[in-house]
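Please put together the full structure from these sequences, using the hints given.
Under my numbering, the first residue of the sequence shown carries the number 510, and numbering increases by one thereafter.
If you're looking for bench data, these hints aren't it; they were derived computationally from the structure. A couple of the hints might just be wrong.
[To be verified] Quick list of in silico lysine-lysine cross-link-like pairs, BS3-like style, CA-CA up to 30 Å: (1) Lys512 x Lys528; (2) Lys676 x Lys726; (3) Lys723 x Lys528.
The structure presented is a predicted model; accordingly, all values stated were derived computationally and were not measured.
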Amino acid sequence: MGKVFDPSLIIEFIPTLLKYLGVTIEILVASILFGTIIGIVAAIPRLFHIPVLKQLVTLYISFIRGTPIIIQLFLVYYGLPAALTLINIDISRMDALFFVIITYSLSNGAIFAEIFRGAITSVEFGQTEAAYTIGMTPYQNFTRIIFPQAIRVAFPNIANTVIGSLKDTSLAFTIGIMDMMGRGETLISATAHALEVYIALSIIYYIIVLILEKGFKVFEKYTNRYQGTDASVA
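Structure below.
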């Protein structure tokens with residue numbers, strides 16, 4: 510049983526937990542960066558209907574969407590070293606952070622692949638045909654016509670994915686990562702004040718999410734800065 514609830518401990522625990530915010534941010538930034546790269550690569554076979562690769566990517570996305578992130582984390586943490594030992598590669602002593610970033614990158618990559626594919630296909634193909642008729646190259650068509658429109662479509666989902674990934678990082682402690690959640694668990698073990706620790710964690714996560722949401726709204730407003738003008742002219 511926990512000790513008697515002490516609200517003053519919430520304020521005391523917050524600075525202690527914040528010392529480990531850097532680890533949480535490191536996981537988030539790295540997994541979003543690598544996840545974006547994986548997402549772009551994974552979207553290509555489905556956009557261009559590349560045989561075999563399209564089916565493999567579809568299976569990958571389906572598996573990620575159909576399994577909990579914590580299961581994926583354990584599969585990578587225990588399964589990747591086991592698989593690599595078959596070819597005489599030993600990574601069992603690598604930092605657990607390495608496996609966390611791989612897991613979250615693969616998870617975000619599957620989500621981003623669907624976001625990018627949907628955003629690109631939402632741009633009317635007639636605009637591409639028109640771009641080619643005036644002499645644009647495929648690269649110019651993508652960077653000047655498709656990408657600016659696709660990013661506006663994709664951005665809300667990208668923002669939601671980033672926020673969701675931030676909250677998912679709290680599971681990294683299950684394989685020994687000393688992030689905010691991991692430090693919180695050690696505080697609970699040391700003090701038996703679980704409720705105070707979880708309230709302190711919820712405050713920190715909530716504030717970070719509010720900051721991210723504010724930043725995303727500013728960026729979304731910037732990307733849509735000409736939309737109002739277009740609508741009024743129409």
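### Query
Hey, lysine 676 versus lysine 726, does the alpha-carbon distance stay inside 30 Å?
OK: lysine 676 and lysine 726 at ~19 Å, within 30 Å.
### Task
Take the C-alpha atoms of lysine 512 and lysine 528, compute the straight-line distance between them, and say whether it is at most 30 Å.
The hint holds at about 25 Å.
### Message
Would the hint linking lysine 723 and lysine 528 be met if the CA-CA limit is 30 Å?
### Response
Roughly 23 Å between the alpha carbons, so the hint for lysine 723 and lysine 528 holds.
The structure fails none of the hints (numbered hints given earlier).
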